[in-house]
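Residues per chain are reported as follows:
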Amino acid sequence: MTGVPMEQGLLLSAILFVLGLTGVLVRRNLIMILMSLEVMLNATGLAFIMAGSRWGQADGQIMFLLILTLAAAEIGVGLGLVLQIFHRFKTLDADAVDEMQG
Amino acid sequence: MVLILFYITSAVAIFATVMMITRLNAIHGLLYLILSLLAAGVLFFLLGAYFAAVLEVIIYAGAIMVVFVFVIMMLNQGQKTLAQERAWLKPGIWIGPSLLALILLTEMLLIIVQGGNVASAHVVDSKAVGIALYGPYLLAVELASMLLLTGLVGAYHLGKPLLNAAKAGGNS
Chain X
126 MTGVPMEQGL LLSAILFVLG LTGVLVRRNL IMILMSLEVM LNATGLAFIM AGSRWGQADG
186 QIMFLLILTL AAAEIGVGLG LVLQIFHRFK TLDADAVDEM QG
Chain G
4 MVLILFYITS AVAIFATVMM ITRLNAIHGL LYLILSLLAA GVLFFLLGAY FAAVLEVIIY
64 AGAIMVVFVF VIMMLNQGQK TLAQERAWLK PGIWIGPSLL ALILLTEMLL IIVQGGNVAS
124 AHVVDSKAVG IALYGPYLLA VELASMLLLT GLVGAYHLGK PLLNAAKAGG NS
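For the record, the sequence lines run as chains X and G. So the number in the numbering used here is just where the residue sits in the first sequence, counting from 1, plus 125. So the number in the numbering used here is just where the residue sits in the second sequence, counting from 1, plus 3.
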C-alpha cells in the first residue's frame, strides 16, 4: 500500500494552478486566457480528487463532477463572448475591450 | 511503483502546461493543453478515482477541447487561411505532444501488463460515487443541471446575432 503522498499531490495541484494563473495574467489572447482558466479549474479538481482519495470518500469525485459542469457551462458562454468580441473588434486582444474604462 | 508513475505523470503535466502558456499560436497551445488534461486523467487513475479519470478524458480532453478547436477554426476565415493551416500543421509541431502522449501510453501499458491493479491507498469506485451523487448530493445535481441549462441558453443567445449575420451575408 504505497499510495501517493498527499503533500506532493497538493504541491502538484498548486503548481498547476499557479501556472494557469500566470497564463491568465500574462497572455493577451482571449482564447489562451480561457485555456489557462481550464488549467486552473483542472488543478482545483485535482486537489479535490487528491483529498477524496486520501480519505477514501466519494465527495472528492463529486466535487470534481461539479467543477466539470462549471467548466462546460463557462466554456460555452466564454467562447460565445469571444465570438462576439471578435465580431465587433476584429481582434482577440483582451486589451482591445477596455472601452468601459473601469 | 505508483510513486514513480506519479512523478513521471506530474512532470508531463507540468511540462505540458508550461509549453501551453508559452505557445504563441492558440492551436499549438491547445495540443499541449490536451496533453496536460490527459496527464491529469492518468493522475486520477493512479489516485484510484477511475470514474473521474474516464470523465476527464471524455469530457475535458474530448468535448470541451473540440469546442475550442471549433471556435479557433471559426475565427480564422479569409484568404490566408490555407497558408495558415499549412503553417500550423507542420510535422515538427506534432513531435512534442506525440512524445508526451507516448510517455502516458507507456505508463498505461505498464499498468495493464502488471495486472491493472495500481496499489493506491483508497479506490473510490463509480458505485460509491453514484450512490453519493443521488443521495446526499441530489440538490447539487439539480443545481448543476440548472447551471448547464443557463450556459446553453447564454451561449445560444450570444451566438444568435452571429448566426443571423452569417445567414444575411450568405444570401446577399
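It cannot be assumed that every hint is accurate.
As the list claims (entries may be wrong) - Chain X regions said to be covered by chain G (calculated; three or more residues, Cβ under 8 Å):
| id | segment |
| --- | --- |
| 1 | 132-143 |
| 2 | 148-155 |
| 3 | 158-169 |
| 4 | 174-182 |
| 5 | 202-208 |
| 6 | 213-225 |
What the hints contain is simulated information worked out from the structure, not anything from laboratory work. In this text, all values refer to a predicted model and were calculated from it rather than measured experimentally. Glycine included, every Cβ here is placed at the ideal spot set by N, Cα and C.
Right, here's what the structure says about each hint:
Counting residues of the segment 132-143 of chain X whose CB lies closer than 8 Å to any CB of chain G gives 5, so the stated coverage by that chain holds, three being the minimum. As drawn, the segment 148-155 of chain X meets chain G at 4 residues by the rule of a beta-carbon pair under 8 Å; at three or more, the given contact holds. Evaluation of the coverage hint for the segment 158-169 of chain X: fulfilled, as 6 residues show C-beta separations to chain G shorter than 8 Å, against a requirement of three. Only when three residues or more bring their CB closer than 8 Å to a CB of chain G does the claim for the segment 174-182 of chain X stand; here the count is 8, and the claim holds.
Coverage of the segment 202-208 of chain X by chain G holds in this model, with 6 residues showing a Cβ closer than 8 Å to a Cβ of that chain against a need of three. Beta-carbon proximity to chain G at under 8 Å applies to 1 residues in the segment 213-225 of chain X; the threshold of 3 is not reached and the given coverage is violated.
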